[in-house]
Amino acid sequence: MSRDDHRRPDPDDLLRTIRNGPERGALRVFFGMAAGCGKTFAMLTAARRVLDEGIDVVAGYIETHGRADVAALAATVPAIPRRRTEYRGMTIEEMDLDALLARRPAIALVDELAHTNTPDSRHPKRYQDVLDLLDAGISVYTTLNVQHLESRTETVREITGVTVQETLPDSVLDRADIIELVDISPEELRKRLAEGKIYPPQRAVVAAENFFEPGNLTALREMALRFTAEKVDHSLQDYRRARRVTEPWKTGERLLVAVSPSPYSESLIRWTRRTAFNLGAQWIALNVETASCLSREDQERLQKHISLARSLGAEIVVTQDDDVTEGILRVARQRNITQIVAGKPGRGFWKGFLRSKSPIGRLIRGSGNIDISIIRAAESGGREGEHAEERSSHTKRWQDYAAALAALAVLMLAGNVALPYIGSRSVALILLLSVMLMALVLSWGAVLSYAVISTLLWNFFFIPPRFTFFIHSIEDVIMFFMYFIVALVTGSLTARIRSHENAARLREEQLNVLYDMTREFVSASGIHGAAEHIVSFIGRSFDASTVVYLKKEDGSLDPRPHPASTLDHDEKEFGCANYSFLNGKTAGRFTDTLPFSKALFVPLYFNRDNIVGVMGVRFPDDAVLSVNRMTLLETLAGHLAIVIEREFMAQQTQNARIAEESDKLYRVLLDSVTHELKTPLAAIKGSISAVSEAGDSMTGGSKRQLLEETRNAADRLIRLVDNLLDMSRLESGRLALHRDWNDMSDIIGVTLDRIEAGGVRRKIAVHCPEDIPLVMVDFNLVSQALHGMLHNAAVHAGEHANIRISAEARERGVAVRVEDDGPGFSVGETSRIFDKFYRLEQNGGSGGLGLGLYISRGIAELHGGTITAGNRESGGAILVMTLPVETRPNTGGDEG
Amino acid sequence: MKGDRAMGNETILIIDDEVQIRRFLKIGLESSGYRVFEAGDGTAGLSAAVMKKPDLILLDLNLPDIGGVEILKRLREWNRNPVIVLTVRESEHDKIDLLDAGADDYLTKPFSMGELLARIRAVLRRMREEGEEPVFEHRHLRIDFSKRTVSVNGEGVKFTPLEYDLLKLLAKNPGKVLTQRQIMREIWGPGMESETNYLRVYVAAIRKKIEKDPSRPEILITEPAVGYRFAAE
Numbered sequence: 001m002s003r004d005d006h007r008r009p010d011p012d013d014l015l016r017t018i019r020n021g022p023e024r025g026a027l028r029v030f031f032g033m034a035a036g037c038g039k040t041f042a043m044l045t046a047a048r049r050v051l052d053e054g055i056d057v058v059a060g061y062i063e064t065h066g067r068a069d070v071a072a073l074a075a076t077v078p079a080i081p082r083r084r085t086e087y088r089g090m091t092i093e094e095m096d097l098d099a100l101l102a103r104r105p106a107i108a109l110v111d112e113l114a115h116t117n118t119p120d121s122r123h124p125k126r127y128q129d130v131l132d133l134l135d136a137g138i139s140v141y142t143t144l145n146v147q148h149l150e151s152r153t154e155t156v157r158e159i160t161g162v163t164v165q166e167t168l169p170d171s172v173l174d175r176a177d178i179i180e181l182v183d184i185s186p187e188e189l190r191k192r193l194a195e196g197k198i199y200p201p202q203r204a205v206v207a208a209e210n211f212f213e214p215g216n217l218t219a220l221r222e223m224a225l226r227f228t229a230e231k232v233d234h235s236l237q238d239y240r241r242a243r244r245v246t247e248p249w250k251t252g253e254r255l256l257v258a259v260s261p262s263p264y265s266e267s268l269i270r271w272t273r274r275t276a277f278n279l280g281a282q283w284i285a286l287n288v289e290t291a292s293c294l295s296r297e298d299q300e301r302l303q304k305h306i307s308l309a310r311s312l313g314a315e316i317v318v319t320q321d322d323d324v325t326e327g328i329l330r331v332a333r334q335r336n337i338t339q340i341v342a343g344k345p346g347r348g349f350w351k352g353f354l355r356s357k358s359p360i361g362r363l364i365r366g367s368g369n370i371d372i373s374i375i376r377a378a379e380s381g382g383r384e385g386e387h388a389e390e391r392s393s394h395t396k397r398w399q400d401y402a403a404a405l406a407a408l409a410v411l412m413l414a415g416n417v418a419l420p421y422i423g424s425r426s427v428a429l430i431l432l433l434s435v436m437l438m439a440l441v442l443s444w445g446a447v448l449s450y451a452v453i454s455t456l457l458w459n460f461f462f463i464p465p466r467f468t469f470f471i472h473s474i475e476d477v478i479m480f481f482m483y484f485i486v487a488l489v490t491g492s493l494t495a496r497i498r499s500h501e502n503a504a505r506l507r508e509e510q511l512n513v514l515y516d517m518t519r520e521f522v523s524a525s526g527i528h529g530a531a532e533h534i535v536s537f538i539g540r541s542f543d544a545s546t547v548v549y550l551k552k553e554d555g556s557l558d559p560r561p562h563p564a565s566t567l568d569h570d571e572k573e574f575g576c577a578n579y580s581f582l583n584g585k586t587a588g589r590f591t592d593t594l595p596f597s598k599a600l601f602v603p604l605y606f607n608r609d610n611i612v613g614v615m616g617v618r619f620p621d622d623a624v625l626s627v628n629r630m631t632l633l634e635t636l637a638g639h640l641a642i643v644i645e646r647e648f649m650a651q652q653t654q655n656a657r658i659a660e661e662s663d664k665l666y667r668v669l670l671d672s673v674t675h676e677l678k679t680p681l682a683a684i685k686g687s688i689s690a691v692s693e694a695g696d697s698m699t700g701g702s703k704r705q706l707l708e709e710t711r712n713a714a715d716r717l718i719r720l721v722d723n724l725l726d727m728s729r730l731e732s733g734r735l736a737l738h739r740d741w742n743d744m745s746d747i748i749g750v751t752l753d754r755i756e757a758g759g760v761r762r763k764i765a766v767h768c769p770e771d772i773p774l775v776m777v778d779f780n781l782v783s784q785a786l787h788g789m790l791h792n793a794a795v796h797a798g799e800h801a802n803i804r805i806s807a808e809a810r811e812r813g814v815a816v817r818v819e820d821d822g823p824g825f826s827v828g829e830t831s832r833i834f835d836k837f838y839r840l841e842q843n844g845g846s847g848g849l850g851l852g853l854y855i856s857r858g859i860a861e862l863h864g865g866t867i868t869a870g871n872r873e874s875g876g877a878i879l880v881m882t883l884p885v886e887t888r889p890n891t892g893g894d895e896g
Numbered sequence: 001m002k003g004d005r006a007m008g009n010e011t012i013l014i015i016d017d018e019v020q021i022r023r024f025l026k027i028g029l030e031s032s033g034y035r036v037f038e039a040g041d042g043t044a045g046l047s048a049a050v051m052k053k054p055d056l057i058l059l060d061l062n063l064p065d066i067g068g069v070e071i072l073k074r075l076r077e078w079n080r081n082p083v084i085v086l087t088v089r090e091s092e093h094d095k096i097d098l099l100d101a102g103a104d105d106y107l108t109k110p111f112s113m114g115e116l117l118a119r120i121r122a123v124l125r126r127m128r129e130e131g132e133e134p135v136f137e138h139r140h141l142r143i144d145f146s147k148r149t150v151s152v153n154g155e156g157v158k159f160t161p162l163e164y165d166l167l168k169l170l171a172k173n174p175g176k177v178l179t180q181r182q183i184m185r186e187i188w189g190p191g192m193e194s195e196t197n198y199l200r201v202y203v204a205a206i207r208k209k210i211e212k213d214p215s216r217p218e219i220l221i222t223e224p225a226v227g228y229r230f231a232a233e
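Residue numbers (the numbering used here), protein chains in the order written: chain A, 1 to 896; chain B, 1 to 233.
It should be emphasised that the hints constitute simulated quantities derived from the structure, not laboratory data. For each residue, glycine too, the CB sits at the ideal point set by N, CA and C. No false leads were slipped in.
Residues of chain B placed beyond 10 Å of chain A at every Cβ, according to the derived structure:
(1) L25
(2) S31
(3) G33
(4) R35
(5) H138
(6) S151
(7) G191
Each computed SDA-like pair below joins lysine to any residue, with the alpha-carbon atoms no more than 25 Å apart:
(8) K212(B) - T891(A)
(9) K109(B) - G850(A)
(10) K678(A) - R89(B)
(11) K678(A) - Q20(B)
(12) K585(A) - E553(A)
Construct the complete structure from the given sequences, taking the supplied hints into account.
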């Protein structure tokens, strides 16, 4: 987003202007017309000055170009050691961005803003390093020559004939707080060049005759001055706005430029940017996707143009329409565009003639109150590349033409042979048929040519007098023109039908893809399901592997990939993922940030303030990412983000509900615990005080009885506390299973000992087959679970009931049942007896807290098993615990 | 019952940081005829062990200053006297470490005085009676170590060599808890500690031969999740 927005009196923008102040570092650019005008020197002088004021200034990178005065001055400023890196066999020194960020000076000096970094750097361009520094709150002094400005490169090329390789997006300069023009007269500059102060003597001579030619320098100087003046004008506007100076705004000028793969597009984009900047207007770069398939080269070029527009500060809009003109007008109306910028292509007459319904004409007719600016568009930049591309698309076209010619030749021969039998008019019909067939496979141009040539050839070979273009009879003349028109119309109609069909098919494919995805998505449950679907979907449709990282609870990005990922975690790549996560920007391959990463990282968010994770996609090495597919990826990321966010939210709601529930439980617990604790405590205190206060007057018998009472009460307290502790351990998930091979009959035996030690004097029948296998369980916990079941039976079955415990082997693991012949459960009880604090009605006071079976069930579930309750047919209750655990035979005591 | 009172000259050191626990232990033990020393933390306990040379140490597992395993290790550097560990349910696995490290027995708080006295008697008796006795008799069970024969109710019972070794190991340490790891290492050798399924199979086989009701054993007693103990009296 460019600062052009700032022209609107929007509170958000004002806020942003204010925010630009304290948080972010200030950018000061020393701006000059050409090398050697003294920018670095001026920067160092300024740095020296603030350094003397006691401000922390560090040189990140200074290019002295071997100039002594600059080097001497540079030596007085503390510097960060440069990073050395190997590139194509050379050792190259680069600015050490990380060291600089770690050092956190108040001001960093970074020379040559337009510099291109070596591939192993974090960013491909130095200005991106500078933006990082600014974002980190470090102010930056930097230098720049006017010819490096993206929007000026074309003009520079026109003036000097030099194509500038290292360019800087204008939007970067929009962020500059101060632009300081370092001006020098062209004569002075040439003098310095001659004195060898800029380049070594030999290079200086060459330079003086080329780039440093006086005319060039004057033009460059004018550009630099003009640019600075424009900036000053804008600063004034900023100032006025901040001071609430009301001023007539350029009322919402909005420019729109259509972006296409055409080589002319680039200069249109630059022109629009310049105009928008001067008008203080927003501008939109629009790409209208049509049904026609773009070639690989076209796609790459389109991509390049879109990123150019983005870097120049345009808002990018992509829309779909079969008719480009219609698409442009639709978006223009939707977005309240005031001016559409269109190119006046340097087309030949022929093309102009064929496309009589020229898009520009239609644009003008359909534009209504929108201004149309028609710009003479020049083919620009990288000419050699263009030619190669032209050639490649030509070859394809020539193949079409060759096929058409070949078909025509065959038909002509066949026609010649058949002419005596069928007559010239039948040949015409056959030719017409062939035109239609051609239209089904060949390009439009080839079909047209085919139609025209076939007409002429038909005339030449078949219409008498044969082998002349002369036509004898009026009838044949009519026939000739009829044929010509019918061939043309048929050809173009068929071609159009075909293209519509293609478009429809393409759209249907896209719809199908989306439909499939949506359907899968709806059936997917939770983050895992959604992630799995998206990952497999990307795998299928992009032939790419994917890694998904999610946000941790502490707000940072979890370096453990989500299990659905198909791409392995890579420490180096994770840095890129983290960048994407922290900045909410797409990073990695195909982007400007860390473009040498192997994967593309898309942040997952529905709402930009809440980034929930990052999705990394690794495409095949030769992949090209079209806007279409990028959009699809972003849509997928959005879908995934929604699911994740929803899940996170559900979790929060769940937590809140649990908190509420536990609050309610807490009150119930407090009530019953108070009761359960107080009863034995009352018994203990009462008995003990009776014994101690009565002294010797009490008989030995009653003393023993009271002490026995005390001991029982203490046991009850112990049980209570144990149950509470078990419950809390079970619920906190801290109850770790210590599994071991155990003998089920041993567990039952120990449990019965415990039951008896706990004061239950009841005959319990045991039935445990001798061959019951050993089970992989936690002895103590299973014993405790059985204890809960037996205790329940002992308490609720009544004093005279028979209790039976039995174990049996199951297909997997074992099952233990506890049965009694008491009253059994009443209706509805079976589902509730495992609830926490549930106490059976019939047994009012003595049943404890109602935790026993709750804990039993928890333990069974820890082992992956269940407990069910029911009534026996013959009466009485039955509890069955299944433990589907690993088993081993409990026999074979042979010597090993 | 015989041995209800101690010999009168035996000394016990209690290392526990809870005053209330120390107090009731002291009263209970002294009324049974033992002389009792107290220590409130590990450091004091170690120095008391050196100064007083107690016959038996009651060691609380959770001391504020030094861990139980560490105290036991330092004690064992110079002293072979029996140690009974006092533990709570929450630290079940620490107590296995302590038993492995050479503690003689353990008791889980809260326990009754009777239980504690029984354990103390068993451990002290074992100390006194250490030495090779050719024949071991317990209830209806008789083991002749010199002949490697076992008889139940006067009738000879056939034991496989491994069953016999296991029974002998336990019978040689009546009342003492032997951890699974100790037993496995002793009988099956090191490296087999996790193959406890063998141990279970052999224990079940032995119980069938010596117990009246193998499902409710009275001689070869299970210490849940810890190991086994040969009943003391």
